[in-house]
Structure formats: structure tokens, C-alpha cells
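Trainee: Sequence:
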Amino acid sequence: MRVIDQMDSNPFLRNLIIAILITLITTVALSYSPRVFKYDPITGLWKKVDPVESQIILPEAGQLNFSSTSVSVPLDGSIVIDPITIDPFLAESSTSKGNRQWFYYIEYEVGRFSEKKFFGLIAAQNMNIGTTTVWIESGELHVKFELLDGWLASESHLNITETEPSGNQSPGQYPYKVNHDPYVSEFEYVVNIRNKCQDFKKIYILLHLSVNRNSQFETAWAGGNPPSRMSVRVSSSKIAWYIKKPGKYMTNAFEVTINSTDSVTISFKNFDNVKPQGGIGVKDISVFYAISDDLAGEFNWIPAENLNNWIVTVKAGVSNLNFYQLVDLKTQSAGIYRNTGTITFTVQNTKAYIEQF
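In this note's numbering, the protein residues as written are 1 to 357.
Be careful, since some hints might not be right.
Cβ-Cβ distance ranges computed for the label pairs, FRET-style [said to hold, decoys possible]:
id	residue 1	residue 2	range
1	His180	Phe118	15 to 25 Å
2	Glu115	Thr163	17 to 27 Å
3	Gln348	Gly167	29 to 39 Å
4	Pro182	Val312	36 to 46 Å
5	Phe217	Glu115	27 to 37 Å
6	Arg213	Lys47	47 to 57 Å
7	Thr163	Gly111	33 to 43 Å
No farther apart than 20 Å at their CA atoms in a straight line, the calculated lysine to aspartate or glutamate pairs in the DMTMM-like style are these [claimed, not checked]:
id	residue 1	residue 2
8	Lys116	Glu146
9	Lys177	Glu140
10	Lys275	Glu305
11	Lys248	Asp328
12	Lys202	Glu140
13	Lys144	Glu188
14	Lys330	Glu140
15	Lys201	Glu107
16	Lys38	Asp50
17	Lys117	Glu107
18	Lys315	Glu115
19	Lys244	Glu53
20	Lys47	Asp293
21	Lys202	Glu162
22	Lys283	Asp272
23	Lys269	Asp284
24	Lys116	Glu155
25	Lys48	Asp284
The hints are simulated quantities; they were obtained by calculation from the structure and are not laboratory data.
Where a beta carbon is used, it is the ideal one built from N, C-alpha and C, also for glycine.
Using the sequences and the hints given, assemble the complete structure.
Mentor: What follows is the structure in C-alpha cells.
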């Protein structure tokens, strides 16, 4: 941050610069335009300010896109990625091996209207390449597969039995099968089981796929847990905030969109007040944060150092959050002030993997 005396004739230098560098951990791109508001102590309201008084400058390529499967970012540091993990024994699914064959199957309890249940698609015995969704509606069994990361299916075979599968399987002999031409990344089987299965009876579902990606060809079976996926979109990891002192200002410093198959926790590290750089003074500038999906008004502002003790948890699906920043400028010396913090996004129930770059 750089603070210049208010009487400086250069309008650009009359402002206080707050530069906050946030090292991001895992992350997608927003059309982003920060707004700056100043507190009016007479009315008790926040008012949008003129750019001459305060504005946010975003560096080029400030918007960031990360995901749990591919990362390319122009930052120094590390990205924490929660990779795909599978444990077939945590889901209603089992792995069996015949004399020369491996396969997965799904155990499913029949109901007239059964809730959707989600499983993985396991290729080459240990690669989780997609999701299988199973549900019953009006006496019809729905089995839908969705392949990820460029995988495509050339054939699919489905068998439904009331007897637990064992021994070697012959998918080509299954009663339901499709040759997919052109290849597909998703497909849904709908089978009438109204007169075949009683409510609360357990059935076994075997879904086999012939899959390929580029020149790699594999066999895949439905089963195990669905793959964990998280994508986080952060509007910018670096901002330069120019502010004319004195006054109390706030801005929506950055916006985050999280899309995840599982719940996600957000944690913070090394957040603090911005500190003077280059021997310009000894007084910090107090910084506060608020997290919301709305304009900050009666927010419970969190002191920067207290943010390090906060953990925010969002549910699976899509979540949008605004991270607001408030600074209170008084008689601090003109110059540059800075703080570097780290935000970590972690998919729950997976093992973390750290990729250095």
C-alpha cells in the first residue's frame, strides 16, 4: 500500500494504495467489477464513491480458473488439489473377481419412488472416470452414466438381477445393451421393473462400458463412490485499492463461485492488518472482512487477524460468495501498505494432494 499526503498536487498520488496479494488454493471466471463504498457517519449509511476518491485496479489476467483436474496459473506458490479417490466399500457397491476377471456391481433397494443414489465408474480397476446415478420412478428403474475428462463410451451393457453376482461375467450377453455410434459421454437406461421386483427388495445392477479417450481403451464398471470434483472461480488474486484519506471505506474485494460434488470448507491463513512498507511509518491500517452473497450493510465485520480462526463450510452444488474488505484510514503516513494471506478451499472426505508450481 502506498499513502501520499492529501495535499499532493498529483491526483493519482493523493490516494492511498492498498495492494493485497492472495495466494489461492484450488479454483473458475467471473465478469467482475469491484464497487467501493464510503461510510457516512452522519447518516450511518454506506455510499458509493466517485473513482476520483477511491477505485479498485485489477491487474491483467487477474481472474483465475482452477479445477481439481487441471491447473495453470501465473502465481508463485502451491495449489492444493483434492484428487479423485475411490473406496468401493464405502458405497452400496462391491468388487468381485472371477477366475480371470474383475468387476463392480451396485446393490440397490427397490422402492416405488426411490431417491437417487450416486456411484462411480471404475476403469482399469482403479481409475474413477465418471458418475452412475440410479433411481426408481413410477415402477421404472433409471440407470444413467456420465463420463468425465474426455472419456467416451462405444458400448454399454446392463444387467439387473435379484441374485448377488459371482464368477466371470459376460457383458455381451446382458439383456440391455447399446452400441453407441457416435460415441457418447452420457446415456440413460430406463427399465420397467414394476412386475419384477417387490418394494424393499434388494437388486443388483451390473453396468459395463467399453470406453476410450484418445488412444486409450479400457473396460469400466459402475460401482464405488462417485468421483469428487471441485471447481472454484475467484475473480482476482491481486488488487490495488486507491483510497483518498481519511475515511472508512469498503469494497467487494473479490467474488468466489464454488461448484463441488461434496461439501467444501474455506479456511484462512496469515490475514492481518496492512503494514507500512519501506520505512514510511509504524502505524498499521486496520482491515476487516465480511463474507456474504449480498451488499455489506449490517455485517458482522471480522478483524483481519481473527479471520484466521474462521472456517466457512458450503454445501455440495453451486455456491456464490462475496468477500468484502473494510479499511479505516486515519492519520497513517503516506506510502505503500501490504498484507499477504492464503485462502484454502478443501473438498471434504478426500485426501489432499499438493502440487508445487
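Trainee: Against this structure, judge whether each hint is valid.
Mentor: To see whether the hints hold, each was checked on the structure:
| no. | hint | result |
| --- | --- | --- |
| 1 | His180 to Phe118: 15 to 25 Å | holds (22 Å) |
| 2 | Glu115 to Thr163: 17 to 27 Å | holds (24 Å) |
| 3 | Gln348 to Gly167: 29 to 39 Å | holds (37 Å) |
| 4 | Pro182 to Val312: 36 to 46 Å | holds (43 Å) |
| 5 | Phe217 to Glu115: 27 to 37 Å | holds (35 Å) |
| 6 | Arg213 to Lys47: 47 to 57 Å | holds (55 Å) |
| 7 | Thr163 to Gly111: 33 to 43 Å | violated (20 Å) |
| 8 | Lys116 to Glu146 | holds (14 Å) |
| 9 | Lys177 to Glu140 | holds (17 Å) |
| 10 | Lys275 to Glu305 | holds (13 Å) |
| 11 | Lys248 to Asp328 | holds (4 Å) |
| 12 | Lys202 to Glu140 | holds (15 Å) |
| 13 | Lys144 to Glu188 | holds (4 Å) |
| 14 | Lys330 to Glu140 | violated (69 Å) |
| 15 | Lys201 to Glu107 | holds (10 Å) |
| 16 | Lys38 to Asp50 | holds (10 Å) |
| 17 | Lys117 to Glu107 | holds (11 Å) |
| 18 | Lys315 to Glu115 | holds (19 Å) |
| 19 | Lys244 to Glu53 | holds (5 Å) |
| 20 | Lys47 to Asp293 | holds (19 Å) |
| 21 | Lys202 to Glu162 | holds (7 Å) |
| 22 | Lys283 to Asp272 | holds (13 Å) |
| 23 | Lys269 to Asp284 | holds (18 Å) |
| 24 | Lys116 to Glu155 | violated (24 Å) |
| 25 | Lys48 to Asp284 | violated (25 Å) |
In summary, the numbered hints that this structure violates are 7, 14, 24, 25.
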